[in-house]
Amino acid sequence: MTESQHEKVALAMLVENNAGVLARITLLFGRRGYNIDSLTVSETNDPGISRITVTTQGDQKIIEQIVLQTQKLIEVRAVRVENVSNDILRELLLVKIATTDEQRSQILEICRVYKGDVVDLTKSSLIIEMTGKPSKIDGFLDVLSPYDIIELCRTGLTAISRGPDVLKYDRRESHRA
Amino acid sequence: MLLTGAEIIVEVLIEQGVTDLFGYPGGAALNIYEALYTRRDRIHHYLTAHEQGASHAADGYARATGKTGVCMATSGPGATNLVTGIATAYLDSVPMVAITANVGTKLIGKDSFQEVFITGITSPITKHNYAVRDIDRLAHTLRTAFRIASSGRKGPVLVDIPKDITTAVCEYTPEAPVEAAEPKKPDPELLRQAAELLRTSRRPVLCFGGGVISSESSHELVALARKAGIPTCHTIMGTGVIGFGDELDLGLIGMHGSAVANTAISEADLLIAAGTRFSDRVALKTDNFAPQAKILQFDIDPSENGKNVEVQSFVIGDLKEILTSLLPLAEGQERKEWFGQLEEWREREYYPKDIPGVLRPHDIMRIIGEETGDDAIVVTDVGQHQIWAAQYCKQTRPRGFITSGGLGTMGFGYGAAIGTKIGVPTAKVIHITGDGSFHMNMNEACTAVSNHLQVITVIMDNRVLGMVRQWQSLFYDSHYMSTEPERKSDYVKLAEGFGAHGFRGTTEEELRSALQQALTMDGPSWIVCPIDREEMVLPMIPSGMTVQDMILSEEMDS
Numbered sequence: 000m001t002e003s004q005h006e007k008v009a010l011a012m013l014v015e016n017n018a019g020v021l022a023r024i025t026l027l028f029g030r031r032g033y034n035i036d037s038l039t040v041s042e043t044n045d046p047g048i049s050r051i052t053v054t055t056q057g058d059q060k061i062i063e064q065i066v067l068q069t070q071k072l073i074e075v076r077a078v079r080v081e082n083v084s085n086d087i088l089r090e091l092l093l094v095k096i097a098t099t100d101e102q103r104s105q106i107l108e109i110c111r112v113y114k115g116d117v118v119d120l121t122k123s124s125l126i127i128e129m130t131g132k133p134s135k136i137d138g139f140l141d142v143l144s145p146y147d148i149i150e151l152c153r154t155g156l157t158a159i160s161r162g163p164d165v166l167k168y169d170r171r172e173s174h175r176a
Numbered sequence: 000m001l002l003t004g005a006e007i008i009v010e011v012l013i014e015q016g017v018t019d020l021f022g023y024p025g026g027a028a029l030n031i032y033e034a035l036y037t038r039r040d041r042i043h044h045y046l047t048a049h050e051q052g053a054s055h056a057a058d059g060y061a062r063a064t065g066k067t068g069v070c071m072a073t074s075g076p077g078a079t080n081l082v083t084g085i086a087t088a089y090l091d092s093v094p095m096v097a098i099t100a101n102v103g104t105k106l107i108g109k110d111s112f113q114e115v116f117i118t119g120i121t122s123p124i125t126k127h128n129y130a131v132r133d134i135d136r137l138a139h140t141l142r143t144a145f146r147i148a149s150s151g152r153k154g155p156v157l158v159d160i161p162k163d164i165t166t167a168v169c170e171y172t173p174e175a176p177v178e179a180a181e182p183k184k185p186d187p188e189l190l191r192q193a194a195e196l197l198r199t200s201r202r203p204v205l206c207f208g209g210g211v212i213s214s215e216s217s218h219e220l221v222a223l224a225r226k227a228g229i230p231t232c233h234t235i236m237g238t239g240v241i242g243f244g245d246e247l248d249l250g251l252i253g254m255h256g257s258a259v260a261n262t263a264i265s266e267a268d269l270l271i272a273a274g275t276r277f278s279d280r281v282a283l284k285t286d287n288f289a290p291q292a293k294i295l296q297f298d299i300d301p302s303e304n305g306k307n308v309e310v311q312s313f314v315i316g317d318l319k320e321i322l323t324s325l326l327p328l329a330e331g332q333e334r335k336e337w338f339g340q341l342e343e344w345r346e347r348e349y350y351p352k353d354i355p356g357v358l359r360p361h362d363i364m365r366i367i368g369e370e371t372g373d374d375a376i377v378v379t380d381v382g383q384h385q386i387w388a389a390q391y392c393k394q395t396r397p398r399g400f401i402t403s404g405g406l407g408t409m410g411f412g413y414g415a416a417i418g419t420k421i422g423v424p425t426a427k428v429i430h431i432t433g434d435g436s437f438h439m440n441m442n443e444a445c446t447a448v449s450n451h452l453q454v455i456t457v458i459m460d461n462r463v464l465g466m467v468r469q470w471q472s473l474f475y476d477s478h479y480m481s482t483e484p485e486r487k488s489d490y491v492k493l494a495e496g497f498g499a500h501g502f503r504g505t506t507e508e509e510l511r512s513a514l515q516q517a518l519t520m521d522g523p524s525w526i527v528c529p530i531d532r533e534e535m536v537l538p539m540i541p542s543g544m545t546v547q548d549m550i551l552s553e554e555m556d557s
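Top line first, the protein sequences correspond to chains D and W. The first sequence begins at 0 in numbering that gives the first Met the number 0 and counts up one residue at a time. The second sequence begins at 0 in numbering that gives the first Met the number 0 and counts up one residue at a time.
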């Protein structure tokens with residue numbers, strides 16, 4: 000397999016909101032050797048259904064296998080590979096930076112350019128919150144790299160497609176026991 | 000009517016048509032066993048020696064009958080002892096429902112006595128599993144478990160039920176047995192293309208696996224192969240579908256497959272794979288498997304598309320429907336040239352030599368076949384004897400050869416043979432095992448004795464762990480680490496100790512006489528056949544190699 004065939008993708012899944020469903024999905028990825036780069040889960044407008052966004056990577060064959068294997072899980076109602084170039088992809092960043100008086104203004108300037116919010120400020124540290132595409136967050140962190148980042152968390156990707164098109168799922172009865 | 004959870008479990012089993020189940024009681028399962036006592040006229044619970052035996056028995060029962068096998072265990076160690084049997088069923092796509100009791104809901108998660116998180120443990124080896132938390136969902140959950148187990152690609156489903164749920168009370172209304180979910184209809188355009196590929200192919204080969212048996216499409220498969228002139232080969236899971244010696248039959252493929260089958264695959268211009276997953280024992284080198292062929296795969300499981308081998312066309316659907324639809328589209332062909340070539344390769348085929356006065360593995364298989372006839376069901380353990388049985392046993396009937404193909408579970412055979420005999424009481428059940436496998440679960444003899452089951456065990460006794468030792472012999476400079484255990488087990492005495500019948504089958508005459516006697520006995524028999532420990536399973540293609548690397552000779556023949 001050549002490197003060029005290797006791709007990063009985001010998978011959107013609608014799953015039954017049952018105990019243990021997330022464990023089943025992560026176990027499937029684990030046992031079949033698929034990587035999870037990030038994972039987000041939340042409830043949806045249907046209380047019986049949760050939405051999971053997993054970012055993973057592999058060549059096209061592996062991505063196809065991931066989708067097919069995931070679809071076999073009884074509690075998974077829908078799986079789709081998100082269109083990275085067109086869909087709305089977002090991630091939240093919280094980053095804590097140790098600062099001197101001199102650095103503070105430089106960092107605030109960078110933050111303003113990237114449209115981040117300073118949500119905490121002390122004499123020796125500050126916390127910036129930012130949402131955006133992963134590439135924007137990567138770029139922001141790159142610019143911040145000369146400074147003293149002391150704590151960092153990213154939520155992982157969440158994604159939704161543009162336009163009226165929705166991720167459809169089968170409204171069959173839940174497998175809750 | 001208002002019933003307890005325990006009663007609901009038993010009533011659902013009865014309504015789903017379950018007449019036999021295999022299990023072992025315990026504290027958390029007591030209420031279920033009380034309900035089984037009340038309904039013992041409707042459903043027969045077979046107590047095994049060990050829960051592993053119960054899981055293999057349910058598996059053997061399912062493989063032999065096509066029905067969903069049911070096993071049951073108590074919480075904790077009872078549940079974990081089912082695990083190997085559940086994994087065995089999962090790897091061979093056998094429909095099974097495993098019911099485990101658990102500690103009461105309030106004790107769950109507290110590391111209580113005999114508590115394990117069995118749904119966590121079995122998640123990767125079941126199609127699905129349930130931890131019941133609501134008595135109102137119990138009946139529905141059990142019914143759904145039966146539906147999932149028997150739908151699509153079949154497999155095991157586990158339902159874990161805490162003790163307090165078995166005493167809780169709920170309204171129960173009987174329902175009809177669940178029906179398997181309707182499989183996806185095969186795409187007619189793909190079938191038309193398949194017929195066209197077949198028409199233009201000069202060297203087609205049809206390779207099939209266990210999917211043919213589980214979809215009950217043996218007849219359709221043979222009809223297609225005959226009409227379109229396609230030579231066939233099979234995985235160990237497909238053994239019994241087509242007659243040994245049939246002109247279409249090339250035998251087993253893969254690691255211990257025939258030279259002609261493996262050569263045919265490497266020379267084929269079209270490979271049709273039906274109900275098989277190209278495991279590493281079949282496609283030893285996936286990037287060089289059937290290198291000249293277009294591969295056309297039929298499977299009910301969409302995730303088999305491209306999983307192990309890249310294919311040109313993949314038809315999703317029930318194999319019976321695919322083959323039935325393809326048959327009228329396929330052109331009748333003879334392919335004399337291709338069959339002529341195959342005949343030429345067949346002449347160079349490996350076949351073990353007869354040595355006067357020595358009972359060799361292929362002789363034992365031949366004699367078993369001759370003495371038991373075509374209606375016998377052969378159940379194997381795992382190891383050399385398993386492959387010899389697949390290669391040389393002449394029994395030909397779908398569901399007539401029962402083996403742990405995917406997981407390769409040593410110790411599978413005895414429990415599975417017991418389940419087979421209970422599922423098909425009229426069949427002669429021959430359990431072929433080796434001394435290594437048999438030592439794992441020979442304790443199930445007591446189950447066969449208690450239930451007067453005429454299960455005939457033939458122990459191929461080479462006094463070593465033959466298959467592992469064969470690899471050590473070929474690839475580890477004959478360093479026989481932990482494969483020559485120097486056991487002194489006397490199988491005839493052991494059989495008698497269990498209340499079974501013990502025989503020695505040292506010579507052909509002894510073996511024939513032992514089989515003849517065993518077939519008239521009430522209860523189980525053991526026949527021990529000593530064989531030379533240097534006997535190897537041949538031919539053999541080493542892991543990751545190709546037919547060019549096939550080992551065809553054995554020292555003792557040279």
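To be clear, the hints were calculated from the coordinates, so they are not data collected in a lab. The reader is advised that the hints may include incorrect statements.
BS3-like, lysine-lysine: derived pairs with alpha carbons at most 30 Å apart [as the list claims (entries may be wrong)]:
1) K71/D x K66/W
2) K184/W x K60/D
3) K109/W x K66/W
4) K71/D x K393/W
5) K167/D x K184/W
6) K60/D x K319/W
7) K105/W x K183/W
8) K319/W x K71/D
9) K71/D x K335/W
Checklist entry - Is the hinted pair K71/D and K66/W satisfied, with a Cα-Cα distance of at most 30 Å? => result 22 Å, holds
Item to check | Proposed proximity, K319/W with K60/D (alpha carbon, max 30 Å) | outcome: Distance of about 28 Å is within 30 Å: holds.
Checklist entry - Taking 30 Å as the top limit, are the C-alpha atoms of K167/D and K184/W close enough? => result Answer holds: K167/D to K184/W is near 21 Å, not above 30 Å.
Checklist entry - K319/W and K71/D: Cα distance at most 30 Å? => result 21 Å, holds
Next on the checklist: K71/D and K335/W were given as a pair; does the straight-line alpha-carbon distance stay at or below 30 Å?
Outcome noted: Roughly 43 Å separates the two Cα atoms, so the pair is violated.
Checklist entry - Given the proposed pairing of K105/W with K183/W, does the C-alpha separation stay at or below 30 Å? => result Since the Cα atoms of K105/W and K183/W sit roughly 43 Å apart, the hinted pair is violated (cutoff 30 Å).
Checklist entry - Does the alpha-carbon distance linking K184/W and K60/D stay inside the 30 Å limit? => result Holds. K184/W to K60/D sits at ~24 Å (cutoff 30 Å).
Checklist entry - Has the given pair, K109/W with K66/W, been kept, meaning a C-alpha gap of at most 30 Å? => result At roughly 37 Å apart (the allowed maximum being 30 Å), K66/W and K109/W break the hint.
Checklist entry - Under the criterion that the straight-line Cα-Cα distance not exceed 30 Å, is the pair K71/D, K393/W satisfied? => result 37 Å, violated
Against the hints set out earlier in the document, violations occur for numbers 3, 4, 7, 9.
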